[in-house]
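Number of protein chains: 2
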Amino acid sequence: MSQRLDEARDTLLELMATQRAVRRLRTDPLPDDVLGRILKAGALAPSGGNVQPWRVVVVRDAQVRKAIGDLYRPQWAKYGAGSRKGLQALQGDARAKQERMLAAADYLGEHMGDAPVIFVVCFNPNHMAITDSDLGRASVVGGGSVYPAVQNMMLAARAEGVGCVLTTLLCFEEQAMKSLLAIPADWHTCGVIPMGYPERGGYGPTSRRPVAKLAFENRWGDPVNLT
Amino acid sequence: MSQRLDEARDTLLELMATQRAVRRLRTDPLPDDVLGRILKAGALAPSGGNVQPWRVVVVRDAQVRKAIGDLYRPQWAKYGAGSRKGLQALQGDARAKQERMLAAADYLGEHMGDAPVIFVVCFNPNHMAITDSDLGRASVVGGGSVYPAVQNMMLAARAEGVGCVLTTLLCFEEQAMKSLLAIPADWHTCGVIPMGYPERGGYGPTSRRPVAKLAFENRWGDPVNLT
Numbered sequence: 002m003s004q005r006l007d008e009a010r011d012t013l014l015e016l017m018a019t020q021r022a023v024r025r026l027r028t029d030p031l032p033d034d035v036l037g038r039i040l041k042a043g044a045l046a047p048s049g050g051n052v053q054p055w056r057v058v059v060v061r062d063a064q065v066r067k068a069i070g071d072l073y074r075p076q077w078a079k080y081g082a083g084s085r086k087g088l089q090a091l092q093g094d095a096r097a098k099q100e101r102m103l104a105a106a107d108y109l110g111e112h113m114g115d116a117p118v119i120f121v122v123c124f125n126p127n128h129m130a131i132t133d134s135d136l137g138r139a140s141v142v143g144g145g146s147v148y149p150a151v152q153n154m155m156l157a158a159r160a161e162g163v164g165c166v167l168t169t170l171l172c173f174e175e176q177a178m179k180s181l182l183a184i185p186a187d188w189h190t191c192g193v194i195p196m197g198y199p200e201r202g203g204y205g206p207t208s209r210r211p212v213a214k215l216a217f218e219n220r221w222g223d224p225v226n227l228t
Numbered sequence: 002m003s004q005r006l007d008e009a010r011d012t013l014l015e016l017m018a019t020q021r022a023v024r025r026l027r028t029d030p031l032p033d034d035v036l037g038r039i040l041k042a043g044a045l046a047p048s049g050g051n052v053q054p055w056r057v058v059v060v061r062d063a064q065v066r067k068a069i070g071d072l073y074r075p076q077w078a079k080y081g082a083g084s085r086k087g088l089q090a091l092q093g094d095a096r097a098k099q100e101r102m103l104a105a106a107d108y109l110g111e112h113m114g115d116a117p118v119i120f121v122v123c124f125n126p127n128h129m130a131i132t133d134s135d136l137g138r139a140s141v142v143g144g145g146s147v148y149p150a151v152q153n154m155m156l157a158a159r160a161e162g163v164g165c166v167l168t169t170l171l172c173f174e175e176q177a178m179k180s181l182l183a184i185p186a187d188w189h190t191c192g193v194i195p196m197g198y199p200e201r202g203g204y205g206p207t208s209r210r211p212v213a214k215l216a217f218e219n220r221w222g223d224p225v226n227l228t
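Chains as they are written, first to last, in this note's numbering: chain A, 2 to 228; chain B, 2 to 228.
Because the hints were derived from the structure by calculation, they are not lab data.
There may be inaccurate statements among the hints.
Given that identical chains are not distinguished, each listed pair holds provided it fits within a single copy or across any two copies.
[Stated by the list, open to error] Heads up, simulated EDC-like pairs for lysine to aspartate or glutamate below, C-alpha to C-alpha not over 16 Å straight-line: (1) K79 <-> E111; (2) K79 <-> D107; (3) K41 <-> D11; (4) K41 <-> E218.
Working from the sequences, and respecting the hints, build out all of it.
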């Protein structure tokens, strides 16, 4: 490391602590070198057997972006309506925060195609050892060879000051997305990431659960004991 | 950021570029503050709807670690035998590298229970919107709300100089793992991460595909054009 490890560690945690979903994006293009470093971060991620069973279609062409935006708009409209119903259960600050999130998500719903760059993340299950496919419950393990790369790219975007957010809603339009981007039959889509410089404040502190609510020690339910 | 953004960016990419799978781990314990920062990194990760539908059981108890090691040993023996067959197709450097990896994986197969800390990552599909569950192909989207947190924890471990590797082989022993750790019926396991300081060199450069093999522009197969 060119930096002292304790400084690198603090930098990393600071980047992670400010990795907000950024849904209001400016339309001006991203520089090639910035985009190159974001992609490089993805390429560096670990995957099962080091197979890297993912690809990304980087969409910069305005017509293709518009077509993606047109597919996304009705999907968000439908999904957002469901999210809005959940508002009634919330009060005060929690409600205000959720309303701000939904306003930003509505903006993205209308403007996805205006983001200067859209990543479409693809995967091939034939290149994965999906160890939880026959357990009679939802399988997630295939994602273990894709989403670390997605997270690397999103952390790199954050470090570049480039706003982005992951949406998986366009899986509902997978056939249309595959036709649009000429994705082969044995590859599938698992995420779309619009990217651009933030229209507003962009990155900043996030609201996440504390470690005490996420981690147990030795058995489920026992608090993790870190002095 | 307390650092200039371009320095933070370089630090991040350097951490990612050296995030090796570390399979030979020393047995001395990890300090609580180190473990706390690794867990914090996981807690900071984004997830669908910010729901954070994952938990981690941090196993430090020697008996529980031994029990996990006993479950892992035969699973690796079986899986490793398959990997070893693939060696015959390789030549020269690629073969030597794969042989080194398998030797380290065999070591972990024997010594999983000796790692001072084992993370068992759990998820609850009832708290996820799995948008690709009805597409007639392998579903991975649930992983999008879990493996970003896993990657955050593994990057934080790398920044701490703590070795680790993700294995999903213990999904084949999910019922035994759930009994051992008292995991509730509606939560499932999706990864096990042994952690400890590296026995040997630990972190360093990795072999990953170049961006040109992973990214396309505007449509599948067209090279991404970054000057």
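Checklist entry - Of the hints stated earlier, which fail here? => result No hint contradicted; all consistent.
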